[in-house]
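Engineer: Chain residues, written in single-letter form:
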Amino acid sequence: MKKRILIGLGIGSLLFMLLGAYIIVTVERATSRLDQLVQLHQVEILREHLLLQIKRVQTDLAWRGTRYASGVDTIVSHGIQMGRMVERCFQCHHSPQVTEDLVGLKSQTDQYEDFLSHVLTLEANRPRREAEQDEAVRRGQELIAKVNGIIALTSRNLESNTREVFRQIAITKTMLFILIAMAPLILMTLGFLFIRALTNPLNILLAAVRRLKGGSLNHRIDGLKDEFGELATSFNEMAGSLQEQMQKMQRTEQMVVVGELAAGFGHEVRNPLAGIRAAVNLLSEELVLNKEDRDLFAQIVEQVGKLDALMKGFLNFAKPPKPKWERVSINGLIEMTIDFSLVSHRASSPASDRIDIQKSMGEGLPQTMADPVQLQQVFLNLLLNAYDAMPQGGVLAVRTRYDAYKDSLCIDIKDTGTGIEPEMLERIFVPFVTTKSKGTGLGLAICKQIIEQHGGSIEADNDPAGGALFCIVLPVKREKEEVQTT
Amino acid sequence: MLRRRNTKKFWVALFLCLAFVSGCDTLEAPAPPKPLRKETLNIGLLPEHNIFKQIRRYEPVTDYLAKKTGVHIRLRVLTYRGNVIENFQFLKLDGAFFGSFSYLLAHAKLGVTVLARPEYPDGTSSYHGLIFVRKDSGIRTVRQMRGKRLALVARATTAGYLFPSIFLKRAGVRNPAAFFREIYNAGTHEGTVDDILDRKADVGVSKNTVYERFAAENPRVNRELLILGKSADVPENALALRRGIKESLKVRLLNALITMHEDSEGAKVLKAFGARRFIVTTDADYGPVATYTRELGIDLTGFNFPAEE
Chain A
1 MKKRILIGLG
11 IGSLLFMLLG
21 AYIIVTVERA
31 TSRLDQLVQL
41 HQVEILREHL
51 LLQIKRVQTD
61 LAWRGTRYAS
71 GVDTIVSHGI
81 QMGRMVERCF
91 QCHHSPQVTE
101 DLVGLKSQTD
111 QYEDFLSHVL
121 TLEANRPRRE
131 AEQDEAVRRG
141 QELIAKVNGI
151 IALTSRNLES
161 NTREVFRQIA
171 ITKTMLFILI
181 AMAPLILMTL
191 GFLFIRALTN
201 PLNILLAAVR
211 RLKGGSLNHR
221 IDGLKDEFGE
231 LATSFNEMAG
241 SLQEQMQKMQ
251 RTEQMVVVGE
261 LAAGFGHEVR
271 NPLAGIRAAV
281 NLLSEELVLN
291 KEDRDLFAQI
301 VEQVGKLDAL
311 MKGFLNFAKP
321 PKPKWERVSI
331 NGLIEMTIDF
341 SLVSHRASSP
351 ASDRIDIQKS
361 MGEGLPQTMA
371 DPVQLQQVFL
381 NLLLNAYDAM
391 PQGGVLAVRT
401 RYDAYKDSLC
411 IDIKDTGTGI
421 EPEMLERIFV
431 PFVTTKSKGT
441 GLGLAICKQI
451 IEQHGGSIEA
461 DNDPAGGALF
471 CIVLPVKREK
481 EEVQTT
Chain B
1 MLRRRNTKKF
11 WVALFLCLAF
21 VSGCDTLEAP
31 APPKPLRKET
41 LNIGLLPEHN
51 IFKQIRRYEP
61 VTDYLAKKTG
71 VHIRLRVLTY
81 RGNVIENFQF
91 LKLDGAFFGS
101 FSYLLAHAKL
111 GVTVLARPEY
121 PDGTSSYHGL
131 IFVRKDSGIR
141 TVRQMRGKRL
151 ALVARATTAG
161 YLFPSIFLKR
171 AGVRNPAAFF
181 REIYNAGTHE
191 GTVDDILDRK
201 ADVGVSKNTV
211 YERFAAENPR
221 VNRELLILGK
231 SADVPENALA
241 LRRGIKESLK
251 VRLLNALITM
261 HEDSEGAKVL
271 KAFGARRFIV
281 TTDADYGPVA
291 TYTRELGIDL
301 TGFNFPAEE
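Residue numbers (our numbering), protein chains in the order written: chain A, 1 to 486; chain B, 1 to 309.
Covered stretches of chain A, as calculated for chain B (at least 3 residues, CB under 8 Å):
no. : stretch
1   : 71 to 77
2   : 120 to 131
What follows is a set of in silico ranges between Cβ atoms, one per label pair, in the way DEER data are often shown:
no. : chain 1 : residue 1 : chain 2 : residue 2 : range
3   : B       : Asp63     : A       : Leu52     : 20 to 30 Å
4   : B       : Arg74     : A       : Leu52     : 17 to 27 Å
5   : A       : Ser160    : B       : Leu249    : 53 to 63 Å
6   : A       : Ala152    : B       : Lys230    : 48 to 58 Å
7   : B       : Phe90     : A       : Leu102    : 37 to 47 Å
8   : B       : Pro176    : A       : Thr99     : 44 to 54 Å
9   : B       : Leu249    : A       : His94     : 41 to 51 Å
10  : B       : Pro176    : A       : Ala152    : 50 to 60 Å
11  : A       : Asn157    : B       : Pro176    : 57 to 67 Å
12  : A       : Leu52     : B       : Arg294    : 50 to 60 Å
13  : B       : Asp136    : A       : Asn157    : 44 to 54 Å
14  : B       : Lys230    : A       : Asn157    : 48 to 58 Å
15  : B       : Asp63     : A       : Gln39     : 27 to 37 Å
16  : A       : Val103    : B       : Asp63     : 25 to 35 Å
Derived by calculation from the structure, the hints in this document are not laboratory data. Note that CB positions come from ideal geometry on N, CA and C, so glycine has one too.
With the hints as constraints, model all of the structure from the sequences given.
Structural biologist: Structure, rendered in structure tokens:
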């Protein structure tokens, strides 16, 4: 949108600049033409004056010798003015043809002046005087004819020039009127387009927000571009997130209900189960049973034990105990858990000796407030899972480190087992999801629950080199207050 | 802030306007200075060649003088036609650029006094008269001029009247009017050259300066004309002022003229005029002309001009 606004403003400014420039150039050109025309008219007037001046001198000559004759001084003055007018003709810029004509005119005027001077100064008999005067008058007439010719020619040119200039001015005027009339229209159109480009996406967004408010969480915005497109993407993401959170909330609510039901149910079931186990144990001790029956009784006790363990885990998950916070050293806790897990696993699996445990414990890790028992439960669960994933042995790598940037502790537990099937990766922390034949599917779900209770996160992934990798991130909590706010 | 500043500016402007208006009411406005009426000198110009060209040639000089002396100078044409002295009086001239003979006449009749005359780039400040004919006319002696047409300049000129009169007298021509078929005054020195070239006359007279200037412009002069005689050197046309002109003005004019070449503007004007400088001229410079008048028995105070036909 910003780009669009800039482009719009740029186009608008450019249009106005072009319009302004056109108007300035047009006005300048029109005034220049008018100026040229005025100059041409001035030249025309000058030539008319020259003609009048020559005629005045001719009149002076004609009256010469009569009682109406002007004085020599006056005639000379008229002649001088005539000469000056011819000189002025050269002050304007002319085409070579006109300049040539003017040079001819100047030469003719000079000759006329010569004859005039001669007539004015001559002292001779009447025939000689009259002959000189006639010659001067003849030259004057020729000069008048020449100037008349030039005037006629220039008048024609002037007339056509005037017509052309007026025609061009009329065109210019029309163009200016059109442009001035069009400018508001262009402005309005640009404004309308601009407002529409701004309001349309806003309306779409507003409608989407209203629909979201109305509960249509699956509504998405399409077709918006630029910043509005980004806003729409954010909106869509927000709607998606809301939908997901809503589903989670619904599930959590369901789980809470299920948990409460399960807690009650578990409590009610565990008591009869204890009774059943005690009764079966008693029967198996008091009755004389053959081996097959005794094995059967043992299986009943075992299954009841399993049911009890399941119920216990179920209760644990559905109604987890509150963490008991104390200052904990993660490295120490893990070391201890590894030792315990090895002892525990060695008892059930002879392959424990073939497992190489590689520890990379970060130095100077800060202590954090945590429930050591719960964390130990998590680590133990992950370690035992890793042992189970490597029945033929392998490498178990445990690494701890401190992320100063996030002020968090990172614990990675990696095995070289078969890894987690890709379709299981996303669901591995979901309750009752398990790949083990004897598993309840609650172990990892409880781990996740505990870690999240500590304000951390746990992720599972497959190591490209083979095996599964679990990464736990625990924020460092230094004070009790931090724990309480979690 | 801006608004406050603008308001402040408004009050300052209003105060200044009021002060100006009240000042106009209370103070007497100084009366505009009356333009001083410039003294005007009417200076005559005796035609030597085309009078229009001559005025255009002399105008820069008189404009320069006017600028330097603070006097308005008006150039007027003083023709030889009729009586040049009467023309001088009729036009109410204060002075003129007189030729040598016309100066002697004006000095004798009106008491004009000469101030200065130009000196040309070659160092000369004088001219002489010439008598010339067309080369193809066959005229080579005065005797061969009998029955021909003589073009003089004017009676009040040295080169155009005194010199040919002496020339003819010395050649034994006692009555030129009877010797020549026609004698007339062309009115200018250039006019006689023109007339001989155009075969309007057979024998012409002129001053050498005009003849040579014309020859420089028109190659026909040297190609077609032949000079048969020349006079003694006499002073070039000089500025002379009438009696009654204030001495201080005369001194100002003289100083302006003789220092003209020292001033860059003046030097430029002089160059266009065709002179190197102006030099002081006195009556003593007119000795050769006085000799001519004596030889011809002319009484300067009683010299009359013939009435036009």
